[in-house]
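There are 2 protein chains.
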Amino acid sequence: MVNILHRVGIKSSLGDVYKALATREGLAGWWTTNTQGEGSVGGVMQFRFSAGGAEIGGFTMKVTALEPGKNVRWQVIDGPEDWVGTTVNWELKREGDYTIVLFKHQGWKAETESMHHCSTKWAIFLMSLKSLVETGKGEPNPDDVKIDKWN
Amino acid sequence: MVNILHRVGIKSSLGDVYKALATREGLAGWWTTNTQGEGSVGGVMQFRFSAGGAEIGGFTMKVTALEPGKNVRWQVIDGPEDWVGTTVNWELKREGDYTIVLFKHQGWKAETESMHHCSTKWAIFLMSLKSLVETGKGEPNPDDVKIDKWN
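Protein sequence lines correspond, in order, to chains A and B.
Residues 1010 to 1160 (our numbering) are what the first sequence spells out, left to right.
Residues 1010 to 1160 (our numbering) are what the second sequence spells out, left to right.
Hints are computed from structural coordinates only; laboratory data are not their basis.
The model shown is predicted, which means the values in this text are computed figures rather than measured ones.
Check each hint, because a few of them may be wrong.
[What the hints assert, rightly or not] Here are the simulated lysine-lysine pairs, BS3-like style, with alpha carbons at most 27 Å apart:
#1 A:Lys1155 - B:Lys1158
#2 A:Lys1146 - B:Lys1102
#3 A:Lys1118 - A:Lys1146
#4 B:Lys1113 - B:Lys1079
#5 B:Lys1158 - B:Lys1079
#6 A:Lys1079 - B:Lys1146
#7 B:Lys1102 - A:Lys1118
#8 A:Lys1113 - B:Lys1158
#9 A:Lys1028 - B:Lys1158
#10 A:Lys1158 - A:Lys1102
#11 A:Lys1028 - A:Lys1071
#12 A:Lys1102 - B:Lys1028
#13 B:Lys1118 - A:Lys1155
#14 B:Lys1079 - A:Lys1028
[Said to hold, decoys possible] Label pairs and their computed distance ranges (CB to CB):
#15 A:Ser1059 - B:Gly1094: 23 to 29 Å
#16 B:Gly1088 - A:Gly1062: 44 to 50 Å
#17 A:Ala1119 - B:Gly1078: 24 to 30 Å
#18 A:Arg1033 - B:Glu1047: 53 to 59 Å
#19 B:Asp1152 - A:Gly1046: 26 to 32 Å
#20 A:Glu1047 - B:Gly1078: 22 to 28 Å
[What the hints assert, rightly or not] Some, not all, of what chain B presents toward chain A, calculated at C-beta under 8 Å:
#21 Ser1022
#22 Leu1023
#23 Gly1024
#24 Met1054
#25 Glu1104
#26 Gly1105
#27 Tyr1107
#28 Leu1111
#29 Met1124
#30 His1126
#31 Thr1129
#32 Ala1132
#33 Asp1157
#34 Lys1158
Positions of the beta carbon are idealized from the N, C-alpha and C atoms, including for glycine.
Just chain A, same shape as in the assembly (with noise of 0.2 Å):
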């Protein structure tokens, strides 16, 4: 099993992160305006993105965990095959002005070029939360920074 990590620090409270995280609102606010779905425990969010007004596919999540201002989990319940029974975790806690955002996409099967790409396009959509909670402004899909021809 291999994982992708990431960290960023936002200049905010815990709370405005953890909202960005765990709400429908937050959520399309800078990971793709296309966000349906029921946010709490147990429930099932729908993240779909589009290019050239298309759309191009996207995953389902159930959410496993939330603990206000300090963790959010979620199990890749549908989308494409190498995503599928992963977990994605954002663990939160405060340093110094920063709130400290702890990425782990773990479970990946093989180190494939579809996760290389993957870590790199994690690493933007955190530049876009971390630009949305400080800014409030992100760059969500299909607004978001392309890195290649997958987008």
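Based on these hints, arrange chain B on the given structure of chain A.
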């Protein structure tokens, strides 16, 4: 052992991307302006970083492989303790209009918080590399995009 993996697509030739990875001038244009040393196989390169006008450390790499248009490899021989002994591997290939960069920073001993930080920061620097090759202007340290208090 755990690895940091990334992938970007750069709208440019294999030769131009290779040049940005295999020459002192190229590296100084996207990673850190304070890049010194000898870039041939067996040579040693020093990458030093600064913040607020003061040097904050860096990495010394031995160049272990150079295959024009194809591959660049480094071994970390000095720097932060968790970096020493790790290897950095750049693999290039063509795909449509893009030169694809497959990046692997391999051999981390543990999934430390510092490793999470470096994973995100490598993605930022890969976007700086992409920008340098595509537009002529990268964002090397000290003008790199900051992601947290660790820079």
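These are the hints, each one checked on the structure:
| no. | hint | verdict |
| --- | --- | --- |
| 1 | A:Lys1155 - B:Lys1158 | 26 Å, holds |
| 2 | A:Lys1146 - B:Lys1102 | 35 Å, violated |
| 3 | A:Lys1118 - A:Lys1146 | 35 Å, violated |
| 4 | B:Lys1113 - B:Lys1079 | 14 Å, holds |
| 5 | B:Lys1158 - B:Lys1079 | 35 Å, violated |
| 6 | A:Lys1079 - B:Lys1146 | 39 Å, violated |
| 7 | B:Lys1102 - A:Lys1118 | 24 Å, holds |
| 8 | A:Lys1113 - B:Lys1158 | 20 Å, holds |
| 9 | A:Lys1028 - B:Lys1158 | 22 Å, holds |
| 10 | A:Lys1158 - A:Lys1102 | 35 Å, violated |
| 11 | A:Lys1028 - A:Lys1071 | 17 Å, holds |
| 12 | A:Lys1102 - B:Lys1028 | 41 Å, violated |
| 13 | B:Lys1118 - A:Lys1155 | 31 Å, violated |
| 14 | B:Lys1079 - A:Lys1028 | 44 Å, violated |
| 15 | A:Ser1059 - B:Gly1094: 23 to 29 Å | 43 Å, violated |
| 16 | B:Gly1088 - A:Gly1062: 44 to 50 Å | 46 Å, holds |
| 17 | A:Ala1119 - B:Gly1078: 24 to 30 Å | 26 Å, holds |
| 18 | A:Arg1033 - B:Glu1047: 53 to 59 Å | 54 Å, holds |
| 19 | B:Asp1152 - A:Gly1046: 26 to 32 Å | 40 Å, violated |
| 20 | A:Glu1047 - B:Gly1078: 22 to 28 Å | 50 Å, violated |
| 21 | Ser1022 | 16 Å, violated |
| 22 | Leu1023 | 15 Å, violated |
| 23 | Gly1024 | 19 Å, violated |
| 24 | Met1054 | 24 Å, violated |
| 25 | Glu1104 | 7 Å, holds |
| 26 | Gly1105 | 6 Å, holds |
| 27 | Tyr1107 | 6 Å, holds |
| 28 | Leu1111 | 6 Å, holds |
| 29 | Met1124 | 6 Å, holds |
| 30 | His1126 | 4 Å, holds |
| 31 | Thr1129 | 4 Å, holds |
| 32 | Ala1132 | 3 Å, holds |
| 33 | Asp1157 | 3 Å, holds |
| 34 | Lys1158 | 6 Å, holds |
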